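Student: Here is how the chains run, residue by residue.
Protein chains: 2
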Amino acid sequence: MMVLVSYDVAVTSPGGAARLRKIAKECQNYGQRVQYSVFECILDPAQWMRLKNNLEKIIDREQDSLRYYHLGSNYKRKVEHIGAKPSLDMEGPMIV
Amino acid sequence: MMVLVSYDVAVTSPGGAARLRKIAKECQNYGQRVQYSVFECILDPAQWMRLKNNLEKIIDREQDSLRYYHLGSNYKRKVEHIGAKPSLDMEGPMIV
Numbered sequence: 001m002m003v004l005v006s007y008d009v010a011v012t013s014p015g016g017a018a019r020l021r022k023i024a025k026e027c028q029n030y031g032q033r034v035q036y037s038v039f040e041c042i043l044d045p046a047q048w049m050r051l052k053n054n055l056e057k058i059i060d061r062e063q064d065s066l067r068y069y070h071l072g073s074n075y076k077r078k079v080e081h082i083g084a085k086p087s088l089d090m091e092g093p094m095i096v
Numbered sequence: 001m002m003v004l005v006s007y008d009v010a011v012t013s014p015g016g017a018a019r020l021r022k023i024a025k026e027c028q029n030y031g032q033r034v035q036y037s038v039f040e041c042i043l044d045p046a047q048w049m050r051l052k053n054n055l056e057k058i059i060d061r062e063q064d065s066l067r068y069y070h071l072g073s074n075y076k077r078k079v080e081h082i083g084a085k086p087s088l089d090m091e092g093p094m095i096v
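From first to last, the protein sequence lines stand for chains A and B. Per the numbering used here: the first sequence = residues 1 to 96. Per the numbering used here: the second sequence = residues 1 to 96.
Hints listed in this document are in silico derivations from the structure and should not be mistaken for laboratory results. The model shown is predicted, which means the values in this text are computed figures rather than measured ones. Please note that the accuracy of each hint is not assured.
The list makes no distinction among identical chains, and a pair is therefore deemed to hold if it is satisfied within one copy or across any two copies.
[As the list claims (entries may be wrong)] Lysine-lysine pairs mimicking BS3-like chemistry, simulated, CA-CA at most 25 Å apart:
id, residue 1, residue 2
1, K85, K57
2, K22, K76
3, K52, K76
4, K85, K52
5, K57, K78
6, K52, K78
7, K52, K25
8, K22, K57
9, K25, K85
10, K25, K57
11, K52, K22
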């Protein structure tokens, strides 16, 4: 299934930049960065619980926010890209 | 229905900052800014065609990108917010 993770970290607050790096690192274990603060993650329910748990341990809930969008397993027809930088097909073969 | 619009504009390119402002203005006609570059728009199919058309006239397809996520009409149970700045309920009553 796909979960879109969008985060908004207060990078100017103490520790903000470090939290931002940690959140990006966690998300990149499961997906691709499609925008500066937006990740598309493909995961099963157990991986999702782990990612969610890890992200919520990192953020400062007083200052940062996370939004999750559950796009299900039929996500390909729900996503449309226009313009530069078309995204990779994470489940397709990777051509090196 | 909800369409999530995520944009990535090359603000350092000539005209980039102006395109960013125009895109933000278009999106804000239909929704709320939930992150710096992410909008949640609630619209009917005709409004969606209009918004999409307007956005795609603004962007420079060589440099900028737009991603649309179609969350359908049953979007409330697909969105989850953690941490600061809980979002407004755009369809609920507005308390001034």
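Student: A separate judgement is required for each hint: does it hold in the structure or not?
Tutor: How the hints compare with the structure:
1. Taking the shortest Cα distances, K85 and K57 sit within 25 Å of each other only across copies (18 Å), while inside one copy they are farther apart (32 Å).
2. For the homomeric pair K22 and K76, neither the shortest alpha-carbon distance inside one copy (28 Å) nor that between copies (28 Å) is at most 25 Å.
3. Within a single copy, K52 and K76 get their C-alpha atoms as close as 22 Å, and across copies as close as 19 Å, so both meet the 25 Å cut-off.
4. Within a single copy, K85 and K52 get their C-alpha atoms only as close as 27 Å, which misses the 25 Å cut-off; across copies the closest is 18 Å, which meets it.
5. With identical chains, the CA atoms of K57 and K78 are at most 25 Å apart between copies only, with a shortest distance of 22 Å across copies and 30 Å within one.
6. In this assembly of identical chains, the alpha carbons of K52 and K78 lie at most 25 Å apart whether taken from the same copy (22 Å) or from different copies (15 Å).
7. Only within a single protomer do K52 and K25 lie at most 25 Å apart by alpha-carbon distance; the minimum there is 13 Å, versus 32 Å between protomers.
8. Taking identical chains as interchangeable, the C-alpha atoms of K22 and K57 lie at most 25 Å apart only when both belong to the same chain, with a minimum of 10 Å there against 36 Å between chains.
9. For the homomeric pair K25 and K85, the shortest alpha-carbon distances inside one copy (21 Å) and between copies (23 Å) are both at most 25 Å.
10. When the C-alpha separation of K25 and K57 is checked against a cutoff of 25 Å, the pair qualifies only within one copy, where the shortest distance is 14 Å, while the shortest distance between copies is 35 Å.
11. Taking CA atoms no more than 25 Å apart as the test, K52 paired with K22 passes inside one copy only; the shortest distance there is 13 Å, against 34 Å between copies.
When the structure is compared with the earlier hints, a violation turns up for hint 2 alone.
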